[in-house]
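Participant: Residue numbers (my numbering), protein chains in the order written: chain A, 10 to 358; chain B, 10 to 358; chain C, 10 to 358; chain D, 10 to 358.
To be clear, the hints were calculated from the coordinates, so they are not data collected in a lab.
Ideal Cβ placement from N, Cα and C applies to all residues, glycine included.
Misleading hints may appear alongside valid ones.
Said to hold, decoys possible - Listed next, the in silico DSSO-like pairs over lysine-lysine satisfying Cα-Cα at most 27 Å (straight line):
{"id": "1", "chain 1": "B", "residue 1": "K284", "chain 2": "D", "residue 2": "K70"}
{"id": "2", "chain 1": "C", "residue 1": "K104", "chain 2": "C", "residue 2": "K134"}
{"id": "3", "chain 1": "B", "residue 1": "K73", "chain 2": "D", "residue 2": "K284"}
{"id": "4", "chain 1": "D", "residue 1": "K73", "chain 2": "D", "residue 2": "K104"}
{"id": "5", "chain 1": "D", "residue 1": "K116", "chain 2": "D", "residue 2": "K104"}
{"id": "6", "chain 1": "A", "residue 1": "K182", "chain 2": "B", "residue 2": "K175"}
{"id": "7", "chain 1": "D", "residue 1": "K70", "chain 2": "B", "residue 2": "K287"}
{"id": "8", "chain 1": "D", "residue 1": "K182", "chain 2": "D", "residue 2": "K216"}
{"id": "9", "chain 1": "B", "residue 1": "K73", "chain 2": "D", "residue 2": "K104"}
{"id": "10", "chain 1": "A", "residue 1": "K284", "chain 2": "B", "residue 2": "K216"}
{"id": "11", "chain 1": "D", "residue 1": "K182", "chain 2": "D", "residue 2": "K116"}
{"id": "12", "chain 1": "D", "residue 1": "K116", "chain 2": "C", "residue 2": "K182"}
{"id": "13", "chain 1": "C", "residue 1": "K73", "chain 2": "A", "residue 2": "K287"}
Claimed, not checked - Per the computed footprint, the stretches of chain C lying under chain A, defined by three or more beta-carbons under 8 Å from a beta-carbon of chain A, are:
{"id": "14", "region": "63-74"}
{"id": "15", "region": "292-301"}
{"id": "16", "region": "332-338"}
Single-letter residue listing:
Number of protein chains: 4
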Amino acid sequence: MTSSERLSVAIVGGSGYAGGEFLRLALAHPNLNVTQVTSERNAGSPVHFVHPNLRGLCNLKFRKMADLEAADVIVLALPHGSAAGKIAQFEGLGKTIIDLSADFRIKDPALYAKYYGEAHPAPEKLSEWVYGNPELHREQLAGATRIACAGCFATSVILALYPLLKLGVVMGKDIIATGLVGSSAAGASSTDASHHPEREGSLRVYKPVGHRHTAEAIQELPGRFPLHLTAISTPRVRGILTTAHVWVPDGYSERDVWSAFREVYGDEPFIRIVKVNKGIHRYPDPKLLDGTNYCDIGFEMDNETGRVVIMSAIDNLVKGTAGHAVQSLNIARGWDERAGLGFAGLHPA
Amino acid sequence: MTSSERLSVAIVGGSGYAGGEFLRLALAHPNLNVTQVTSERNAGSPVHFVHPNLRGLCNLKFRKMADLEAADVIVLALPHGSAAGKIAQFEGLGKTIIDLSADFRIKDPALYAKYYGEAHPAPEKLSEWVYGNPELHREQLAGATRIACAGCFATSVILALYPLLKLGVVMGKDIIATGLVGSSAAGASSTDASHHPEREGSLRVYKPVGHRHTAEAIQELPGRFPLHLTAISTPRVRGILTTAHVWVPDGYSERDVWSAFREVYGDEPFIRIVKVNKGIHRYPDPKLLDGTNYCDIGFEMDNETGRVVIMSAIDNLVKGTAGHAVQSLNIARGWDERAGLGFAGLHPA
Amino acid sequence: MTSSERLSVAIVGGSGYAGGEFLRLALAHPNLNVTQVTSERNAGSPVHFVHPNLRGLCNLKFRKMADLEAADVIVLALPHGSAAGKIAQFEGLGKTIIDLSADFRIKDPALYAKYYGEAHPAPEKLSEWVYGNPELHREQLAGATRIACAGCFATSVILALYPLLKLGVVMGKDIIATGLVGSSAAGASSTDASHHPEREGSLRVYKPVGHRHTAEAIQELPGRFPLHLTAISTPRVRGILTTAHVWVPDGYSERDVWSAFREVYGDEPFIRIVKVNKGIHRYPDPKLLDGTNYCDIGFEMDNETGRVVIMSAIDNLVKGTAGHAVQSLNIARGWDERAGLGFAGLHPA
Amino acid sequence: MTSSERLSVAIVGGSGYAGGEFLRLALAHPNLNVTQVTSERNAGSPVHFVHPNLRGLCNLKFRKMADLEAADVIVLALPHGSAAGKIAQFEGLGKTIIDLSADFRIKDPALYAKYYGEAHPAPEKLSEWVYGNPELHREQLAGATRIACAGCFATSVILALYPLLKLGVVMGKDIIATGLVGSSAAGASSTDASHHPEREGSLRVYKPVGHRHTAEAIQELPGRFPLHLTAISTPRVRGILTTAHVWVPDGYSERDVWSAFREVYGDEPFIRIVKVNKGIHRYPDPKLLDGTNYCDIGFEMDNETGRVVIMSAIDNLVKGTAGHAVQSLNIARGWDERAGLGFAGLHPA
């Protein structure tokens with residue numbers, strides 16, 4: 010299913026990591042043609058000054074947002090809270106808008122307010138946006154022109170828990186999910202906490218309770234249950250490894266869990282079930298996913314207690330941000346869902 | 010409280026990481042004089058051939074176990090399962106025996122058999138050994154001559170959970186504890202899994218269910234409750250960061266948790282409560298503990314649900330192995346409990 | 010310049026890192042169809058058991074070399090010294106043979122013997138092979154059916170030094186080149202030295218003098234001069250950063266060096282000159298090149314002494330091995346030289 | 010040789026890495042009593058807020074420099090260029106002044122001006138200061154009250170090259186020395202370049218020519234020869250590995266090099282010659298030296314050309330800064346030269 014359609018793309022906020030990653034993917038996408046990238050701080054500089062991997066591959070220079078012109082697709086890669094208040098100005102510039110921030114993910118303004126600490130600036134717009142998780146919303150994404158891409162930690166939690174919750178085989182205990190997150194998730198601006206001598210090699214719990222992505226998981230996951238997220242910084246730059254603990258009923262076997270994942274994710278192009286009983290690659294590992302759009306999912310069962318430990322791994326900037334943005338756009342336009350997302354990842358890496 | 014006593018020490022299995030770390034600490038200890046170190050593989054080589062940090066600080070050569078002579082203190086740093094079957098031969102060589110393996114930690118042979126997969130080879134000896142966790146067993150350690158040092162992951166779990174469980178304020182939910190563990194915990198022998206290109210930067214769940222140290226935690230922690238341990242390899246060489254989730258009753262406040270930790274650990278020389286509400290060092294981080302005998306403990310409370318996330322960090326080879334072995338010996342002999350354990354750790358590291 | 014030609018490929022020794030990397034690249038190459046991968050140790054296992062990045066992308070199983078069948082292209086990814094002695098058996102199986110080892114790189118048997126410590130087993134074959142460095146041998150590679158891919162450290166040294174030496178502006182002093190090399194360069198077999206706790210974070214000079222790749226540099230670089238290579242292991246998995254020091258004549262300016270590199274490498278698709286006077290990406294850095302076929306080259310001049318420090322960075326497994334193998338094959342077959350080599354690399358990574 | 014003398018210490022600029030490291034060492038030093046630590050930015054905060062390793066070990070709070078009171082020893086840990094202009098105010102506060110910056114290292118104002126880009130602000134003071142390299146200036150340090158501690162990269166270069174140059178067996182070729190440097194050497198302030206996602210895993214040449222420490226090496230090393238330093242950032246936090254290339258005369262053997270190092274450094278307490286012909290720890294590696302005051306030195310000889318590759322490794326913050334400051338002070342006061350510097354370093358680390 011190849012298409013000869015070719016859409017122009019403007020990336021707003023393109024000096025950050027999310028925008029830069031969308032740019033990288035779009036440059037190699039057969040149906041996309043990036044024509045504009047904005048950065049207030051770097052306006053006038055070539056994009057490869059900030060994203061040195063693109064040297065020789067992209068001759069664009071950053072421009073200021075004020076100089077933005079029309080494009081078929083507007084990709085908003087702004088800090089959380091920046092896009093919602095001025096969404097009208099982008100609506101006039103492009104038919105399709107993809108927002109990589111959290112601004113339009115939460116449909117319930119009360120849930121948004123609880124986790125983001127303030128009223129949503131444009132609640133009347135929320136219903137226009139499709140939550141950009143292709144595995145859960147493929148049908149709604151078809152033809153969509155407003156895509157609010159799912160959060161990275163939320164994606165790893167949702168994709169791990171969705172099958173068993175959808176099938177209704179999770180018992181009513183609290184669910185604990187722990188995310189091990191790379192440093193790129195905190196963005197491209199240096200801080201005391203991101204200073205290399207302080208951050209390298211550290212294992213730092215940065216959000217033991219109250220992580221904002223809880224709101225997305227509550228919204229997207231079937232059923233009602235207490236869900237608790239804890240996020241820990243790791244020495245990696247990219248990647249999230251999430252472990253989540255659920256309990257299944259007596260008699261529910263490891264084979265049943267296998268079947269559940271197969272039933273729900275059988276044909277998904279970017280979900281792989283990883284559970285091998287020998288060798289060194291037995292479970293998902295984000296180390297293997299840098300640059301790829303895969304979400305690898307594995308599990309292990311404690312037969313004595315019925316606990317199932319579900320593990321998921323993603324690259325936070327690809328399957329957690331720009332990659333599923335591209336995947337969502339591919340679905341929205343009816344292109345090959347894999348277009349632009351073919352990188353296999355490296356071994357060793 | 011200084012002592013002029015000076016005991017001779019023989020380290021059996023001194024080419025591994027546990028034995029090497031005991032050697033490092035013992036060389037700088039005012040009351041210890043290491044006279045023998047065994048290694049079957051490296052017999053005849055200087056100890057600094059294997060432990061290059063000791064070059065210029067130790068002129069001993071490895072000898073074979075068959076050449077072991079008497080010493081005041083025999084430190085067994087053998088692979089799990091190696092010491093118990095031949096413990097009689099070591100009993101004849103020294104008055105005090107410290108075992109760094111798991112062989113004598115579990116008092117209940119049935120619990121041992123469940124987690125170690127075979128009957129204990131010397132169950133009649135188990136009652137002679139004191140479990141080497143100074144914070145829980147200081148009184149039994151005084152004068153002890155058989156010390157079975159606590160396991161590293163077990164130590165991080167036990168020290169995190171002990172105060173609230175001892176005070177009886179943990180509600181009856183399942184307790185999930187997740188340990189992020191450095192590569193040194195797997196020992197000094199290279200494997201496919203420890204090959205640098207495969208292991209560097211990986212986040213690899215290696216024991217999602219059924220971790221053996223669960224047995225120690227069940228034995229040592231007050232109360233009866235389901236306890237679930239999950240262990241994940243991290244890119245660090247040393248260190249364990251454990252997060253554990255418990256629920257406290259309605260009305261139990263953050264201040265109450267503070268008080269609980271203070272009440273139980275108030276005077277402990279190697280426990281530090283780390284909970285800071287600004288800056289970059291807000292919670293325990295094993296990065297700061299390499300080489301030290303501290304267990305740093307922090308917590309955060311989710312007031313809405315009563316969940317308390319307790320975090321503990323240790324150096325698995327020091328507070329998790331050789332360090333609390335020295336601390337236990339200091340207590341057993343009535344020496345300054347801090348003797349030989351004064352290293353502050355590095356910042357940055 | 011696209012071609013619809015599609016050649017079958019057999020990779021011999023496909024469980025190592027070089028073979029695995031060729032496999033990764035070939036799977037995404039429009040003109041290649043991998044039909045066989047051999048591994049004596051892993052015969053019968055799916056290739057993704059060893060190369061987990063290929064899960065879902067390749068359904069081949071490893072077979073034994075004894076079961077090798079004919080293919081259009083035979084890629085030899087065997088340990089150094091393994092291919093030369095049995096080259097005749099591979100000649101019967103495929104028209105085009107690409108050797109990733111050192112066996113056929115050196116044309117002068119005496120030079121080979123000096124650096125490899127033994128007589129070449131098939132010296133009569135040496136003249137059939139083209140040295141697989143596309144920048145220096147593009148013309149010989151056109152139509153070639155025997156390609157001996159250049160060594161990784163050699164490539165970084167040769168591409169750094171070639172322009173100034175070719176233009177004859179290097180003065181007759183000794184040339185010192187230092188390579189900082191990732192752990193993957195030592196191959197896929199675990200050793201004591203590659204054990205993660207020993208290797209992680211280490212900076213280990215592993216070949217201060219007498220590096221074998223000196224032979225390639227001597228053979229390929231114009232002029233006669235003493236060349237000294239020193240190789241140091243770094244904490245990275247992939248990548249080589251080489252710094253080389255040469256002296257240019259009085260009056261030769263920084264602008265002249267620029268011109269020299271432009272003159273020699275002006276149209277090269279995989280050479281980028283990186284020399285920026287602000288920002289954080291001023292010179293080549295292998296961190297930015299993981300998975301790519303680029304050789305980034307930079308330099309700085311000490312005007313006072315005429316010393317020029319030339320820096321080059323590559324991914325040792327791509328531009329240093331499998332990538333320029335593919336590039337060489339593209340040239341040999343007249344395909345788009347960039348085919349299969351489009352990955353931009355990641356930022357951040 | 011123990012002393013019961015106990016001097017009060019004030020550390021000026023104690024929130025940086027150099028000052029923090031001096032504080033760590035001084036807290037464990039039998040003859041030192043730290044009474045004041047200044048930090049303009051952190052005045053009023055406990056020192057462990059910035060240096061979390063000192064939690065529980067130091068109850069001091071930072072004060073402003075304006076509040077500095079007299080002390081026996083004033084340690085200046087200010088940015089380069091800050092101390093020289095206001096040295097008079099510190100002279101009034103303490104008898105002994107140790108400067109960790111570059112301000113008083115260079116005796117020749119012209120050399121200073123060449124490498125630091127401006128005239129020295131207090132040239133008349135330069136002769137009062139002893140260059141704080143204990144191995145070269147032990148005699149001058151005895152009784153000294155003005156100690157200008159040697160620079161970290163300079164120290165690794167000087168200690169590597171000193172023996173052969175002192176003995177006059179280095180031929181008159183240019184000397185190339187390459188330093189691989191950890192991120193802590195750039196200080197405690199975060200920058201774009203130190204942002205973890207950008208810095209982690211990078212190999213970045215940051216000073217290919219013109220490194221300021223060249224001035225120290227020129228001043229301290231015997232003989233006249235062209236010396237060229239190149240500095241490269243590595244993924245480590247601490248440590249410097251320097252490789253330097255010199256040529257010795259025909260007939261000068263490896264054994265002669267051994268003898269030269271032994272002759273010059275035979276009794277040095279913190280110099281270790283590391284050259285082992287088997288195993289994995291054959292040459293100096295900064296990985297083994299974190300937190301220690303050792304300078305490990307090794308070499309390898311290319312018999313064919315007479316090139317000797319000399320390698321040295323240090324912890325830049327200890328033997329490169331605060332450690333040899335303590336060592337110099339120990340000498341100055343006639344204390345045990347090893348006092349406070351007994352940490353062995355960790356293995357593995």
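Participant: It remains to establish, for every hint, whether it holds in the given structure.
Facilitator: Cross-check of the supplied hints:
no.	hint	result
1	B:K284 - D:K70	holds (18 Å)
2	C:K104 - C:K134	holds (15 Å)
3	B:K73 - D:K284	holds (26 Å)
4	D:K73 - D:K104	holds (21 Å)
5	D:K116 - D:K104	holds (21 Å)
6	A:K182 - B:K175	holds (24 Å)
7	D:K70 - B:K287	holds (16 Å)
8	D:K182 - D:K216	holds (22 Å)
9	B:K73 - D:K104	violated (56 Å)
10	A:K284 - B:K216	holds (13 Å)
11	D:K182 - D:K116	holds (26 Å)
12	D:K116 - C:K182	violated (32 Å)
13	C:K73 - A:K287	holds (21 Å)
14	63-74	holds (count 4)
15	292-301	holds (count 5)
16	332-338	violated (count 0)
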